[in-house]
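Whenever a hint applies, use it, and build me the whole structure from the sequences.
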Amino acid sequence: MKLTGISAAVVICATAAIANPITPGEVQFDDYGAIQASLSGSDGDAANGAKVMTSRGKGNCVACHAVTALNDAPFHGEVGPTLDGIADYRSAEELRGIVANAKMTFEGSVMPAFYKTSGFIRPGNGYTGKAAKEEDLSPILTAQEIEDVVAFLLTLKGS
Amino acid sequence: MKNKALTAFAALAISAPMVFAGGADDDTLAIDGQEMISKAAAPAHMADTAVDTVISGWHFREDDTQAMQADTFDNPGMIAVDQAMDAWNTVEGSAEKSCATCHEGPESMTGVRAVYPKWNEEAGSVRTLAMQINDCRTNQMGADAYKYDSGPMAAMEALISVQSRGMPVNVAIDGPVAEVWEQGKELYYTRTGQLELSCANCHEDNYGNYIRADHLSQGQINGFPTYRLKNAKLNTVHGRFKGCVRDTRAETYSPGSAEFIALELYVASRGNGLSVEGPSVRN
Numbered sequence: 001m002k003l004t005g006i007s008a009a010v011v012i013c014a015t016a017a018i019a020n021p022i023t024p025g026e027v028q029f030d031d032y033g034a035i036q037a038s039l040s041g042s043d044g045d046a047a048n049g050a051k052v053m054t055s056r057g058k059g060n061c062v063a064c065h066a067v068t069a070l071n072d073a074p075f076h077g078e079v080g081p082t083l084d085g086i087a088d089y090r091s092a093e094e095l096r097g098i099v100a101n102a103k104m105t106f107e108g109s110v111m112p113a114f115y116k117t118s119g120f121i122r123p124g125n126g127y128t129g130k131a132a133k134e135e136d137l138s139p140i141l142t143a144q145e146i147e148d149v150v151a152f153l154l155t156l157k158g159s
Numbered sequence: 001m002k003n004k005a006l007t008a009f010a011a012l013a014i015s016a017p018m019v020f021a022g023g024a025d026d027d028t029l030a031i032d033g034q035e036m037i038s039k040a041a042a043p044a045h046m047a048d049t050a051v052d053t054v055i056s057g058w059h060f061r062e063d064d065t066q067a068m069q070a071d072t073f074d075n076p077g078m079i080a081v082d083q084a085m086d087a088w089n090t091v092e093g094s095a096e097k098s099c100a101t102c103h104e105g106p107e108s109m110t111g112v113r114a115v116y117p118k119w120n121e122e123a124g125s126v127r128t129l130a131m132q133i134n135d136c137r138t139n140q141m142g143a144d145a146y147k148y149d150s151g152p153m154a155a156m157e158a159l160i161s162v163q164s165r166g167m168p169v170n171v172a173i174d175g176p177v178a179e180v181w182e183q184g185k186e187l188y189y190t191r192t193g194q195l196e197l198s199c200a201n202c203h204e205d206n207y208g209n210y211i212r213a214d215h216l217s218q219g220q221i222n223g224f225p226t227y228r229l230k231n232a233k234l235n236t237v238h239g240r241f242k243g244c245v246r247d248t249r250a251e252t253y254s255p256g257s258a259e260f261i262a263l264e265l266y267v268a269s270r271g272n273g274l275s276v277e278g279p280s281v282r283n
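First to last, the sequence lines map onto chains A and B. Once you know that position 87 of the first sequence is 87 in my numbering, the rest is easy, because the numbers rise by one and skip nothing. Once you know that position 281 of the second sequence is 281 in my numbering, the rest is easy, because the numbers rise by one and skip nothing.
Treat the hints with caution; some may be incorrect.
On the chain A side, residues computed to face chain B include the following (Cβ under 8 Å) [to be verified]:
(1) Phe-120
(2) Gly-124
(3) Tyr-127
(4) Ile-140
Taking lysine-lysine and the DSSO-like style, the derived pairs with C-alpha atoms no more than 30 Å apart in a straight line are [stated by the list, open to error]:
(5) A/Lys-103 x A/Lys-51
(6) B/Lys-185 x B/Lys-233
(7) B/Lys-242 x B/Lys-118
(8) B/Lys-97 x B/Lys-118
(9) B/Lys-97 x B/Lys-242
(10) A/Lys-130 x B/Lys-230
(11) B/Lys-233 x B/Lys-39
(12) B/Lys-185 x A/Lys-103
(13) A/Lys-130 x B/Lys-97
(14) B/Lys-242 x B/Lys-147
(15) B/Lys-118 x B/Lys-147
(16) B/Lys-39 x A/Lys-130
(17) A/Lys-116 x A/Lys-51
(18) B/Lys-185 x A/Lys-116
(19) B/Lys-230 x B/Lys-185
(20) B/Lys-147 x B/Lys-233
(21) B/Lys-185 x A/Lys-130
(22) B/Lys-185 x B/Lys-39
(23) B/Lys-230 x A/Lys-51
(24) A/Lys-58 x B/Lys-230
(25) B/Lys-185 x A/Lys-133
(26) A/Lys-133 x B/Lys-242
(27) B/Lys-230 x B/Lys-147
(28) B/Lys-233 x A/Lys-130
(29) A/Lys-58 x A/Lys-157
(30) A/Lys-58 x A/Lys-133
(31) B/Lys-97 x B/Lys-147
(32) B/Lys-242 x A/Lys-58
(33) A/Lys-103 x A/Lys-133
(34) A/Lys-103 x B/Lys-230
(35) A/Lys-116 x B/Lys-39
(36) A/Lys-133 x A/Lys-116
(37) B/Lys-39 x B/Lys-242
(38) B/Lys-242 x B/Lys-185
(39) B/Lys-147 x A/Lys-133
(40) A/Lys-58 x A/Lys-103
Simulated from the structure, these hints should not be mistaken for laboratory data. For glycine and all other residues, C-beta sits at the position ideal for the given N, C-alpha and C.
Structural data, given as structure tokens:
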């Protein structure tokens with residue numbers, strides 16, 4: 001029994017070491033709010049990033065932002081600026097920082113932090129309205145999903 | 001006359017498909033011909049906000065939803081008013097009384113909706129209309145309390161609201177209620193849940209903007225209870241608050257909780273000057 005437990009732990013550690021994800025608590029933002037290295041240790045997949053941005057239970061970025069390239073998903077919001085042409089003036093590092101925690105770039109922003117698991121007031125268990133324990137919270141997006149979204153945003157260049 | 005022409009023009013502009021016009025429209029709300037104050041100068045206590053005009057949620061809805069509220073025959077919320085009329089006259093509880101035993105007709109409730117929540121001296125606390133209804137039921141009638149955000153409660157609130165239709169909301173915020181009001185204000189600006197959003201983030205900073213398919217209003221409660229096409233029933237103030245807090249990925253407060261009572265007092269006071277419109281119709 002004991003042995004199995006230990007070897008399972010070793011396996012998990014090993015996997016983690018390979019994928020090398022940076023946990024939400026370990027993320028380093030620079031003075032500008034940007035994040036230098038990939039959170040997952042891997043490149044992003046732009047096609048999946050587009051899915052994450054339009055899925056209600058995931059990024060749901062179009063709830064607040066208009067993105068012409070995502071016009072198949074209806075009713076884009078007006079709470080945030082349009083993201084058309086964003087790659088012309090934002091770097092991958094800046095975009096990663098904004099998606100992970102926009103408040104590090106824009107103080108007091110209404111944009112939610114997608115890679116953060118602590119410091120909330122009355123955090124809930126998803127959209128159930130029930131309480132969640134802080135230690136049980138996962139970030140709204142995974143490290144890889146953040147990278148995927150960043151990869152998609154980098155495709156949004158001026159016409 | 002001038003108003004009519006304006007209304008027709010606004011209706012034309014809006015019937016164009018899905019315009020991202022932003023802001024409230026310029027239509028005039030008249031219910032069965034009685035004009036409502038659906039925009040008013042913001043109350044003095046809002047001087048430190050960017051809001052200078054308070055606006056009924058009616059102005060942010062689509063034309064067909066607006067039309068349903070303007071005609072009581074088309075307003076599905078009025079069915080509940082009829083049901084509550086029966087409840088008003090029904091003897092219930094150990095004291096063998098009905099509402100009518102003490103209050104005669106529901107028109108005796110004229111003006112009541114406009115000033116709630118308000119201080120109750122005997123109880124030494126702020127009372128919402130729902131709490132007052134339940135106080136009558138339990139203490140005067142010896143009947144069971146209605147569940148705080150239930151259908152029968154919403155219906156009784158609707159019947160009482162209709163008696164004040166058109167009267168400006170005039171909720172007191174000073175004197176004995178001041179402390180609870182401050183608590184409500186604090187809750188209004190507290191960013192809850194994993195999305196870290198406050199009521200103000202959506203209803204003060206972003207009213208007029210689209211958030212996905214929904215056109216954000218100021219989150220006023222002068223039109224409550226509200227018949228929502230989405231769930232096809234009358235919705236209470238605390239029911240709506242609960243939904244909005246849940247949508248910030250937060251643990252909600254319970255209907256009837258001290259927090260929601262305080263929040264109701266504060267939000268009601270942000271609508272001081274707007275007409276009582278309940279039951280209103282929303283999507």
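To see whether the hints hold, each was checked on the structure:
{"no.": "1", "hint": "Phe-120", "in the structure": "holds (6 Å)"}
{"no.": "2", "hint": "Gly-124", "in the structure": "holds (5 Å)"}
{"no.": "3", "hint": "Tyr-127", "in the structure": "holds (6 Å)"}
{"no.": "4", "hint": "Ile-140", "in the structure": "holds (7 Å)"}
{"no.": "5", "hint": "A/Lys-103 x A/Lys-51", "in the structure": "holds (24 Å)"}
{"no.": "6", "hint": "B/Lys-185 x B/Lys-233", "in the structure": "holds (29 Å)"}
{"no.": "7", "hint": "B/Lys-242 x B/Lys-118", "in the structure": "holds (21 Å)"}
{"no.": "8", "hint": "B/Lys-97 x B/Lys-118", "in the structure": "holds (25 Å)"}
{"no.": "9", "hint": "B/Lys-97 x B/Lys-242", "in the structure": "violated (33 Å)"}
{"no.": "10", "hint": "A/Lys-130 x B/Lys-230", "in the structure": "holds (22 Å)"}
{"no.": "11", "hint": "B/Lys-233 x B/Lys-39", "in the structure": "holds (26 Å)"}
{"no.": "12", "hint": "B/Lys-185 x A/Lys-103", "in the structure": "holds (23 Å)"}
{"no.": "13", "hint": "A/Lys-130 x B/Lys-97", "in the structure": "violated (39 Å)"}
{"no.": "14", "hint": "B/Lys-242 x B/Lys-147", "in the structure": "holds (15 Å)"}
{"no.": "15", "hint": "B/Lys-118 x B/Lys-147", "in the structure": "holds (20 Å)"}
{"no.": "16", "hint": "B/Lys-39 x A/Lys-130", "in the structure": "violated (36 Å)"}
{"no.": "17", "hint": "A/Lys-116 x A/Lys-51", "in the structure": "holds (21 Å)"}
{"no.": "18", "hint": "B/Lys-185 x A/Lys-116", "in the structure": "holds (27 Å)"}
{"no.": "19", "hint": "B/Lys-230 x B/Lys-185", "in the structure": "holds (29 Å)"}
{"no.": "20", "hint": "B/Lys-147 x B/Lys-233", "in the structure": "holds (15 Å)"}
{"no.": "21", "hint": "B/Lys-185 x A/Lys-130", "in the structure": "holds (23 Å)"}
{"no.": "22", "hint": "B/Lys-185 x B/Lys-39", "in the structure": "holds (22 Å)"}
{"no.": "23", "hint": "B/Lys-230 x A/Lys-51", "in the structure": "holds (26 Å)"}
{"no.": "24", "hint": "A/Lys-58 x B/Lys-230", "in the structure": "holds (23 Å)"}
{"no.": "25", "hint": "B/Lys-185 x A/Lys-133", "in the structure": "holds (26 Å)"}
{"no.": "26", "hint": "A/Lys-133 x B/Lys-242", "in the structure": "holds (19 Å)"}
{"no.": "27", "hint": "B/Lys-230 x B/Lys-147", "in the structure": "holds (22 Å)"}
{"no.": "28", "hint": "B/Lys-233 x A/Lys-130", "in the structure": "holds (23 Å)"}
{"no.": "29", "hint": "A/Lys-58 x A/Lys-157", "in the structure": "holds (24 Å)"}
{"no.": "30", "hint": "A/Lys-58 x A/Lys-133", "in the structure": "holds (20 Å)"}
{"no.": "31", "hint": "B/Lys-97 x B/Lys-147", "in the structure": "holds (20 Å)"}
{"no.": "32", "hint": "B/Lys-242 x A/Lys-58", "in the structure": "holds (22 Å)"}
{"no.": "33", "hint": "A/Lys-103 x A/Lys-133", "in the structure": "holds (23 Å)"}
{"no.": "34", "hint": "A/Lys-103 x B/Lys-230", "in the structure": "violated (33 Å)"}
{"no.": "35", "hint": "A/Lys-116 x B/Lys-39", "in the structure": "violated (40 Å)"}
{"no.": "36", "hint": "A/Lys-133 x A/Lys-116", "in the structure": "holds (14 Å)"}
{"no.": "37", "hint": "B/Lys-39 x B/Lys-242", "in the structure": "holds (26 Å)"}
{"no.": "38", "hint": "B/Lys-242 x B/Lys-185", "in the structure": "holds (16 Å)"}
{"no.": "39", "hint": "B/Lys-147 x A/Lys-133", "in the structure": "holds (29 Å)"}
{"no.": "40", "hint": "A/Lys-58 x A/Lys-103", "in the structure": "holds (19 Å)"}
Of the numbered hints stated above, those contradicted by the structure are hints 9, 13, 16, 34 and 35, listed in ascending order.
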